[in-house]
Structure formats: C-alpha cells, structure tokens
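The chain contents come next:
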Amino acid sequence: MSGGEMEALLEDCTQCGLCREVCIVETLGGHSITSFLCGEEEYSSWLCSSCWRCQEVCPQGVDIHSIMMEKRREEEPPAGHESNLVNVLRFGYALPVDDSVNELRRLHGLDEAQLIPGEWVKILLQGQE
Amino acid sequence: MRTMGLFPGCLVLQRMPQYEKATKRVLREVGVHLENIPHAACCGAPLESFNDKWLHFAAYNLCLAERMGRDMVTLCGNCTNVLLRASAALDDTSLRLEINETLDKIGLRYDGRMEARHLVQLLVEHLDELREKVSRELPIKVAVTHPCQALRPSELARFDDPLKPQAMRRIVEAIGADVVDYDAEHDCCGSTLYLADERLGLEAGRRKLDSAGVADVLVDACGNCQLLLDRFQGLLGKSSGPAKLTVLTLPQLLGLAMGIDAEDLGVGPATTRALLGSSV
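Line by line, the protein sequences give chains A and B. Using this note's numbering, the first residue of the first sequence is number 1, and each one after it goes up by one. Using this note's numbering, the first residue of the second sequence is number 1001, and each one after it goes up by one.
Treat the hints with caution; some may be incorrect.
As a list, the in silico SDA-like pairs of lysine to any residue whose alpha-carbon atoms are at most 20 Å apart [claimed, not checked]:
| id | chain 1 | residue 1 | chain 2 | residue 2 |
| --- | --- | --- | --- | --- |
| 1 | A | K71 | A | G4 |
| 2 | B | K1164 | A | E56 |
| 3 | B | K1105 | A | E56 |
Covered, in the sense of this in silico footprint (three residues per stretch, anywhere, with C-beta under 8 Å from a C-beta of chain B), are these stretches of chain A [claimed, not checked]:
| id | stretch |
| --- | --- |
| 4 | 5 to 19 |
| 5 | 44 to 57 |
| 6 | 75 to 84 |
I should point out that these hints are in silico values taken from the structure, not numbers from a laboratory. All C-beta atoms in this analysis are idealised placements derived from N, C-alpha and C, irrespective of residue type, glycine included.
Please build the complete structure, drawing on both the sequences and the hints.
Structure below.
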C-alpha cells in the first residue's frame, strides 16, 4: 500500500473518537489503532481483540481494519502472533500438528482429522515473502 | 436430514473435541448431519497481519466445501469473519483468477457456490426443532457471550444485530433457561488480545467473568472464547464470585437440555451435577 492509499483510507475520519469509546483495549488502559485515529502517537496496531466494534460504530465508514493491517506490517509483531504465523507456514494450522491431535479426537469418539498435505501448504504460500 | 461440511478451525480441531462432538450431536437432533471437511486447513486469519496469503487459505477451504457440495458450518468467530470477508473479496474477477491459478495446482477451483455460516446462525434458524427436542428443564441462570467476529462487519454477517446481538439469547430461551443480563455481555473475551498482550487479554477475561458471575453458567460459541474464559480461567485471578464459573459451549448446554448423555457432550460429571442438580 502506498502512502497515498493510506491517506485515502484516513480521508473520511473526523477523529470523533467513537471508535475509541467502544474499544476494549482502551477501556483496559491500553492504546490501540483507535488512538492513532484520534491523532495520538502512543498506540500499537497489534493491541486489538479483533472484535470489529470500532468499525461497526464508525459513522464515516472508515475501513479501520485495513488501516490496522497496514500499520501492522510496519511494526514488530508480538510473540503470540508470530508463533501463530510460524505454525501456519510450517503446518498449515495455527497450532503445531502431531499425532496427539488424532489420539485426542479418538478418545472423544471423533473421526480422524484429515489434515492438509504439506505439499499443498507450500503451494498456497508460493511467492510469500 | 441435511448434510453440511464442518470447518472446526485449528483450535477446535486440535484442542476442543468436546465442542466439536457436542455440536455434531446436537445438530443431528435438529436435522443437520455434519461431516468434517477433509483436508481443511487454517482459515487464514493468522496470515492477514503479515501478507495476502490469508486469502489463498480462505479460498482453499471454501473450495474444499464446494468440492463436497456442502455449505460450511464454522465454530469460531474469527474463522467465520475471515471466510466471509474472503468470499466477498473473491467476487473481484481478477483476484479470483489469480487465486484460482494457485488452487489449480492442487486440483481445486473457487466458484463461490458455498456459504460459510456460524453455528449460532444455523441454530437460530432451528428454534422450533430445538424446542421440540428439549426433554429436561434447566432451572438455571445463563449468561451468554456472543461470537463477536461472526457478527461483524454487519454488511457481511447479516443474521443478527451487530451491536446488540439476540440470536444466542433466543437459542438459550428456546430450551427454557433463563438468560440474564450482565454488564460485560457485549465485550470481547480477550482471547485474540492475549496474543498481543497477555496481561490485557486476561484482564478482559476477568472483567467478563466477574460481570457474568450473576449466572450459574456462562455460554459461548467460539473456540477462542472457550479457551480464554474456561481453560485460562485459573490464570485470571477473578476478584469476586465463585471459585470457578462454569463455562460451556452453546451446544453443550443445549445437549444437556435435550437429555443427551453428558459424556457425549464432553461435559464432566461435576459440572453436570452442578447444573442439573439431583435430576441427573
């Protein structure tokens, strides 16, 4: 995304602060992307519960999610998100996969999970930087 | 009996067989047979913050449901949200063409014929069948927590009020239980936040559980909610209420009201006794 595209996404924001009012992160004393939208410098684009309330209440229809995703690509990721990423790249799932998955399922009388073949994971990720 | 494809998502597939088996058992009662979608992978959510391959994963999963010829049932808010947004994005012809080039290498092709629907959306369409199947009165107070990401953005998730959702309340009322209001009903559980900041994530969960302490049981419909509110409850340091608030997934509660054996629902004997009292 170019600087111009980011500016366009921000164009409709009037800094009314409704997004920040409904944000659970802000309620708990943290500073999320809603603080950035309100013109604050102290925030993290990763501090988010992904509840989508901010975007839902925005009277201007600002695409807050896209702004946040773009900002994330500029910021160092927290360990929890990075570990999910690494697992998806390696296994095709957010959690590491081993034989215990089907042992647990069998214990509960569930069918064995047919997982994604490793080769297909590579194909889906082709060209990924 | 209608057959649908189950997309449990990573967490439920690998760590929460209780939620999956209760879902299958209860839906069978209302006339829906669930088959797991073979080779389903991560929905793509964890990739979105890093690159655009999340769309490839989401499209891949939707294709697998298409190949089965089944609409898809989801159990987590985040998976639902990602699959809905991917479906909408794939209406773009050039994006669809590009992704189909990749999918072609594994013999798949995205046509956009199948829909992803969250369990709550499916259940709220079967209220009459639910009522008919209730065989046991549950004289308990129930607090519900809504699968927030399955309700928003509302232009895509159109089955419930996006800010004051009612579907879960109506489902619990259909089995005759008493739904209670609590302050943090519409707040997020904190599970995704936990990935970025453990302290804040747990604080969100603690607030939710403290507030829901007016009920006998808190009911959720998302693997992430169940993870934080139930499995992590010991880490929360709740400030009030009973030592542990019982947290069940929605189909587990429905199954108990249907008189289904607690073991088939993945509900432990102590929890069952606490909720059903001497009627067990």
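With a cut-off of 8 Å between beta carbons, are at least three residues of the stretch 75 to 84 of chain A near chain B? Check passed, 5 qualifying residues.
- Item | Distance restraint between B/K1105 and A/E56, which requires alpha-carbon spacing of 20 Å or less | Measuring from Cα to Cα gives roughly 38 Å; hence the hint is violated.
Checklist entry - For the stretch 44 to 57 of chain A, do at least 3 residues have a Cβ located nearer than 8 Å to some Cβ of chain B? => result Three-residue rule met by the stretch 44 to 57 of chain A, so holds; n is 12.
Worksheet item: If you draw a straight line from the CA of A/K71 to the CA of A/G4, is it 20 Å or shorter?
Response: The hint holds at about 14 Å.
Run the distance test for B/K1164 versus A/E56: straight-line Cα separation, threshold 20 Å. holds, 12 Å
Checking C-beta pairs, does the stretch 5 to 19 of chain A have three or more residues closer than 8 Å to chain B? violated (count 0)
Checked against the numbered hints above, the structure breaks hints 3, 4 and satisfies the rest.
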